[in-house]
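Read top to bottom, the protein sequences are chains L and W. In terms of UniProt numbering, the first sequence is numbered consecutively and its last residue is 528. In terms of UniProt numbering, the second sequence is numbered consecutively and its last residue is 465.
Simulated from the structure, these hints should not be mistaken for lab results. Small disclaimer: the values here were computed from a predicted structure and weren't measured. Watch out, some of these pointers could steer you wrong.
Only pairs whose alpha carbons sit at most 25 Å apart, straight line, appear in this in silico SDA-like list of lysine to any residue [claimed, not checked]:
id : chain 1 : residue 1 : chain 2 : residue 2
1  : L       : K94       : W       : F91
2  : L       : K398      : W       : K81
3  : L       : K386      : W       : Q241
4  : L       : K107      : W       : Q422
5  : L       : K386      : W       : S368
6  : W       : K240      : L       : S379
7  : W       : K88       : L       : L378
8  : L       : K386      : W       : L251
9  : L       : K386      : W       : K130
10 : W       : K88       : L       : N225
11 : W       : K88       : L       : A465
12 : W       : K130      : W       : T71
13 : W       : K145      : L       : L378
14 : L       : K153      : L       : S379
15 : W       : K81       : L       : L378
16 : W       : K82       : L       : D251
17 : W       : K456      : W       : Q422
18 : L       : K398      : W       : D242
19 : W       : K82       : L       : N405
20 : W       : K88       : L       : D260
21 : W       : K88       : L       : S356
22 : W       : K88       : L       : T257
23 : L       : K107      : W       : L60
24 : L       : K395      : W       : L251
25 : W       : K88       : L       : R401
26 : W       : K240      : L       : E387
27 : L       : K386      : W       : R184
28 : W       : K82       : L       : D260
29 : L       : K386      : W       : F91
30 : L       : K395      : W       : K130
31 : W       : K456      : W       : S368
Computed footprint of chain W on chain L; a stretch qualifies when at least three of its residues, placed anywhere within it, have a C-beta under 8 Å from a C-beta of chain W [what the hints assert, rightly or not]:
id : segment
32 : 210-222
33 : 250-257
34 : 317-327
35 : 344-351
Ideal placement from N, C-alpha and C gives every residue a C-beta, glycine not left out.
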Amino acid sequence: MLGRTLQEVSAALKQGQITPTELCQKCLSLIKKTKFLNAYITVSEEVALKQAEESEKRYKNGQSLGDLDGIPVAVKDNFSTSGIETTCASNMLKGYIPPYNATVVQKLLDQGALLMGKTNLDEFAMGSGSTDGIFGPVKNPWSYSKQYREKRKQNPHSKNEDSDWLITGGSSGGSAAAVSAFTCYAALGSDTGGSTRNPAAHCGLVGFKPSYGLVSRHGLIPLVNSMDVPGILTRCVDDAAIVLGALAGPDPKDSTTVHDPINKPFMLPSLADVSKLCIGIPKEYLIPELSSEVRSLWSKAADLFESEGAKVLEVSLPHTSYSIVCYHVLCTSEVASNMARFDGLQYGHRCDINVSTEAMYAATRREGFNDVVRGRILSGNFFLLKENYENYFVKAQKVRRLIANDFVNAFNSGVDVLLTPTTLSEAVPYLEFIKEDNRTRSAQDDIFTQAVNMAGLPAVSIPVALSNQGLPIGLQFIGRAFCDQQLLTVAKWFEKQVQFPVIQLQELMDDCSAVLENEKSASVSLKQ
Amino acid sequence: MTQKPRKGEHKWAAVVGLEIHAQISSNSKLFSGSQVRFSAPPNSLVSFFDASLPGTLPVLNRRCVEAAVMTGLALNCHINKKSLFDRKHYFYADLPAGYQITQQRLPIAVNGSLTYGVCAGKKQSQVIPKTVRIKQIQLEQDSGKSLHDDLRSQTLIDLNRAEGQLRVDANISVHHPGEPLGVRTEVKNLNSIRFLAKAIDYEIQRQINELENGGEILNETRSFHYQLGCTMSMRDKEGKQDYRFMPEPNLPPLVLYDATSLPAGADPQQVINIDQIRETLPELPSVTRERLVQQYGMLLEHSFTLLNEVGLLEFFQNVIKETRAEPKKVTSWVLNTFLGYLKQQNLAVSESPVTPSALAELLDLLDSRTISSAAAKQVFEELWKREGKTPGQIVSEKQLELMEDRGALEQLCHSMMEAHPQVVMDLKKGNPRAINKLIGLVRKATQSRADPAMIKEILEKKLSS
Chain L
1 MLGRTLQEVS AALKQGQITP TELCQKCLSL IKKTKFLNAY ITVSEEVALK QAEESEKRYK
61 NGQSLGDLDG IPVAVKDNFS TSGIETTCAS NMLKGYIPPY NATVVQKLLD QGALLMGKTN
121 LDEFAMGSGS TDGIFGPVKN PWSYSKQYRE KRKQNPHSKN EDSDWLITGG SSGGSAAAVS
181 AFTCYAALGS DTGGSTRNPA AHCGLVGFKP SYGLVSRHGL IPLVNSMDVP GILTRCVDDA
241 AIVLGALAGP DPKDSTTVHD PINKPFMLPS LADVSKLCIG IPKEYLIPEL SSEVRSLWSK
301 AADLFESEGA KVLEVSLPHT SYSIVCYHVL CTSEVASNMA RFDGLQYGHR CDINVSTEAM
361 YAATRREGFN DVVRGRILSG NFFLLKENYE NYFVKAQKVR RLIANDFVNA FNSGVDVLLT
421 PTTLSEAVPY LEFIKEDNRT RSAQDDIFTQ AVNMAGLPAV SIPVALSNQG LPIGLQFIGR
481 AFCDQQLLTV AKWFEKQVQF PVIQLQELMD DCSAVLENEK SASVSLKQ
Chain W
1 MTQKPRKGEH KWAAVVGLEI HAQISSNSKL FSGSQVRFSA PPNSLVSFFD ASLPGTLPVL
61 NRRCVEAAVM TGLALNCHIN KKSLFDRKHY FYADLPAGYQ ITQQRLPIAV NGSLTYGVCA
121 GKKQSQVIPK TVRIKQIQLE QDSGKSLHDD LRSQTLIDLN RAEGQLRVDA NISVHHPGEP
181 LGVRTEVKNL NSIRFLAKAI DYEIQRQINE LENGGEILNE TRSFHYQLGC TMSMRDKEGK
241 QDYRFMPEPN LPPLVLYDAT SLPAGADPQQ VINIDQIRET LPELPSVTRE RLVQQYGMLL
301 EHSFTLLNEV GLLEFFQNVI KETRAEPKKV TSWVLNTFLG YLKQQNLAVS ESPVTPSALA
361 ELLDLLDSRT ISSAAAKQVF EELWKREGKT PGQIVSEKQL ELMEDRGALE QLCHSMMEAH
421 PQVVMDLKKG NPRAINKLIG LVRKATQSRA DPAMIKEILE KKLSS
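Please build the complete structure, drawing on both the sequences and the hints.
As structure tokens, this is what we get:
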């Protein structure tokens, strides 16, 4: 049951094959078993069981709230959850218990979803590995998969089983691990420069970034207000669409959400005619650092579309090479501003010094933030200084406009959807990853994903195939602004074609019979 | 080394700019839904956003925008159809987010003006109209309130937000006319008109003295010491502040419409129409004053007085409505007698024991020459005692009716003249004051019921015959 899709489980609940409480308990049990993955910061066991009880009552009375009723979900620990500790994996907010729910969390709860817990991340969502939080790094479940282990045994130099575990990618690594290890059916991440898509690619999941303005950010503790969006991690595209249907829509508490009516629910049609599609391949994304395996899969994917009659065009996004620097300036500037509120006065960590306000602020912030956060604050403040503002911030804003225009031009040339890699390669071992610092890694790993955030476009990472090492590789589709439904429709078709394998984690799952005995275990079953 | 100018050699001109912080009258705050209420217990009106809880976002209050547009229109400003919000960063305990949301790049209204009157001349009775430029109006978030507890070396913060007061920062510089503007200083946080004037005057003089003694003015912030009446440098407290302005990313540009640019089918809840707001503006004071001068022939200074007292204009207009008396008479009675009584007893117009109807009736009696003006003053005093009597009743009771009988009056004058030959002699000698004495005597004899003008006329006639 835990290996099923959200859609399948929802049907099972409605048919009474399983109860919300049973489901909840299975997930909680698996969470305990997979504790070593360090995916969860807080497991909200009592809350979840209570919610399960209520869901069960509703099902008994034939009054289910919808597809999400009774479905275990997890939420990244940078979303405000009422009564449940919200830390952002930082000392600054350790012990902080918000008095309100983020809008997206509230929407999930209103639909009857069961909140299993808050997931791990890089501190304040700054990072691409989910390795730099105070609760330690998240381990990629694929490190323990049969697919990976079998390939490792072929390597005569393989060391102690657990010392070379792989990163999940980041910063929403905890959410990705939680879904990937079957402890929940969907998880919320956030995406500022790729933080949902990157771990999705490394963990073999669907990682969806909605259009900026489609989903409310109220309650999402901000990294970069003008680029952040809540992200969705699921095991298949239909599941992501179900969650998006629950979350999308204007929020009076978030003035950056748009008011145009959204078609609800987000039912995805089957893509009728692929031959009407035009796929764009940005030539600037073919860079030397791209691993040959990813490049090969990218090429095969383009061929797949072409063979089905779609038009596949090379397009140019000429300002791509400036996007990393531009992102760096704008991101650090907003970070410096957003972090100014963490002074220990109203909430969160406060140091012991009370000699003066200034001394207290300085010590609180030094103790509360890690090096990555402090580094970005210092950079950001530098760029915002009066003498630097024009040359850095304003310049970066202008470059941002050019980058956004690149996409507009590409779409105006008849392209419906762009196809690019999500990451440079498959997930790397942690020991490998930490050889470079956070800033270097972020600059490298965000290369295919962050221009999308600067342009506010929807994008999704779809798992395509396993690498030679048995690890997931994903590819990214980028759509037009507010054409999220069209994007997901294309992604759904593609997903069906590639039939990405289910992760095999037998040792971890008691209740794996349904998955093992399933003859089509090599594909994600999408039974209606 | 340049030669020092002798003191007072060149004329000095001062330039003053005021930054006025005024709280908008609204039910809830500018960016959050929490209430605005006077004198609420500390931290009882604080929303999650006000406490800067992480993840909270600002939501613009419509009423505040309308108020800002109204203010802009009333001050003859150009209303910017698009204005922007910015973050102004600094660390202080009463600023929980570490920044204040304001409008630095592109405020909601610019380039306005205000005409006002300066009292001058003897007895400050002359009013000179002046105009001041309004550079801009911007919407801005207020900080919390700090209460310093020196005893316990701590500061208490109330995040309800500072309430009700007007706060002014004054920027002052001096220069010689024709030369470039001088270096300016800023005097912060003045909250009384009187102290504002004192601080400015002091600072102007300080700067002049400094410069005439060969010193220089620093571009600095100063505070005003109320007891000593002087400004003092705040140099050690703040260096040059860099506020690291940045656009507020959570608030899209504020777009306002007018009748021509309003999109068809726009939801009225979602848009603000400048023309519509303009229609709801009441008559502005300068227009009212002009109208009063034209319509009632009063002096400009009278119009200022009428408008500067709460409720007085309405009182005046109600009297005008109900009386036959000339407007000039009404003006005089309202501004001199009525206002005089109010001020003496420190009452507001709303607390007046004399209603417009009562005064109107009184003025009618005067106008119809039923009573003399002296009698009228007496009646007014009686009215003020709040005994519930009408002017008519008072006149009756106290028998204050003007003496109608001219013949009787002539008789009286005659007998008075006979009784006081010395006075008559003085009069004939050409002493002008003597006639007043005679008039006074006759009046007394009539118990003030005779019109002094008539008495005078009769006496003069008798004297000349």
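Status of the hints after comparison with the structure:
This hinted pair checks out: L/K94 and W/F91 have alpha carbons roughly 22 Å apart, not beyond 25 Å. A threshold of 25 Å between alpha carbons decides the hint, and for L/K398 with W/K81 the separation of about 23 Å falls inside it, so the pair holds. For the proposed pair L/K386 and W/Q241, the alpha carbon gap of about 10 Å is at most 25 Å, so the pair holds. Annotation: proposed proximity of L/K107 to W/Q422 is violated, straight-line Cα distance about 105 Å (limit 25 Å).
A threshold of 25 Å between alpha carbons decides the hint, and for L/K386 with W/S368 the separation of about 75 Å lies outside it, so the pair is violated. In summary, the hint linking W/K240 to L/S379 is supported, as the alpha carbons are separated by about 20 Å, within the 25 Å threshold. With a C-alpha separation of about 17 Å, the suggested pairing of W/K88 with L/L378 holds against the 25 Å cut-off. Taken as a hint, the L/K386 and W/L251 pair is honoured in the structure, with Cα atoms around 22 Å apart against an allowance of 25 Å.
In summary, the hint linking L/K386 to W/K130 is not supported, as the alpha carbons are separated by about 37 Å, beyond the 25 Å threshold. A distance of roughly 16 Å separates the Cα atoms of W/K88 and L/N225; the hinted pair therefore holds under the 25 Å criterion. Only pairs whose Cα atoms come within 25 Å are accepted, and W/K88 paired with L/A465 is rejected, the gap being roughly 49 Å. Distance restraint check for W/K130 and W/T71: the Cα-Cα separation of roughly 19 Å lies within the 25 Å cut-off, and the hinted pair is therefore satisfied.
Of the supplied pair hints, the one linking W/K145 and L/L378 is violated, its CA atoms being roughly 29 Å apart against a limit of 25 Å. Straight-line distance between C-alpha atoms of L/K153 and L/S379 comes to about 45 Å, which puts the hinted pair past the 25 Å bound. For the hint linking W/K81 to L/L378, the alpha-carbon distance of about 36 Å lies beyond 25 Å, and the restraint is violated. Taken as a hint, the W/K82 and L/D251 pair is honoured in the structure, with Cα atoms around 23 Å apart against an allowance of 25 Å.
Under the criterion of a C-alpha separation no larger than 25 Å, the hint pairing W/K456 with W/Q422 is consistent with the structure, at around 18 Å. For the given pair, L/K398 sits about 23 Å from W/D242 by alpha-carbon distance, which is consistent with the 25 Å threshold. With a CA separation close to 23 Å, the supplied pair W/K82 and L/N405 stays within the 25 Å bound. Distance restraint check for W/K88 and L/D260: the Cα-Cα separation of roughly 32 Å exceeds the 25 Å cut-off, and the hinted pair is therefore not satisfied.
This hinted pair checks out: W/K88 and L/S356 have alpha carbons roughly 23 Å apart, not beyond 25 Å. Proposed proximity of W/K88 and L/T257 is supported: the alpha carbons are some 24 Å apart, at most 25 Å. Between the alpha carbons of L/K107 and W/L60 the distance comes to roughly 23 Å, so the proposed pair stays at or under 25 Å and holds. Taking the CA atoms of L/K395 and W/L251, the gap is near 21 Å; set against the 25 Å cutoff, the hint holds.
For the proposed pair W/K88 and L/R401, the alpha carbon gap of about 24 Å is at most 25 Å, so the pair holds. Restraint check: the Cα-Cα separation between W/K240 and L/E387 comes to about 13 Å, which is no more than 25 Å; the hinted pair holds. Of the supplied pair hints, the one linking L/K386 and W/R184 holds, its CA atoms being roughly 20 Å apart against a limit of 25 Å. Restraint check: the Cα-Cα separation between W/K82 and L/D260 comes to about 21 Å, which is no more than 25 Å; the hinted pair holds.
Straight-line distance between C-alpha atoms of L/K386 and W/F91 comes to about 17 Å, which keeps the hinted pair within the 25 Å bound. Distance restraint check for L/K395 and W/K130: the Cα-Cα separation of roughly 44 Å exceeds the 25 Å cut-off, and the hinted pair is therefore not satisfied. Taking the CA atoms of W/K456 and W/S368, the gap is near 19 Å; set against the 25 Å cutoff, the hint holds. A stretch counts as covered by a chain when three or more of its residues have a beta carbon under 8 Å from one of that chain; for the segment 210-222 of chain L and chain W the count is 6, and the coverage holds.
Figure legend: the segment 250-257 of chain L, annotated as covered by chain W; annotation consistent (5 residues with Cβ-Cβ distances under 8 Å, at least 3 required). With 0 residues having a beta carbon nearer than 8 Å to a beta carbon of chain W, the segment 317-327 of chain L misses the requirement of three or more and the stated coverage is violated. Counting residues of the segment 344-351 of chain L whose beta carbon lies closer than 8 Å to any beta carbon of chain W gives 3, which reaches the threshold of three, so the coverage claim holds.
The structure fails to meet hints 4, 5, 9, 11, 13, 14, 15, 20, 30 and 34 from the earlier list, while all remaining hints are met.
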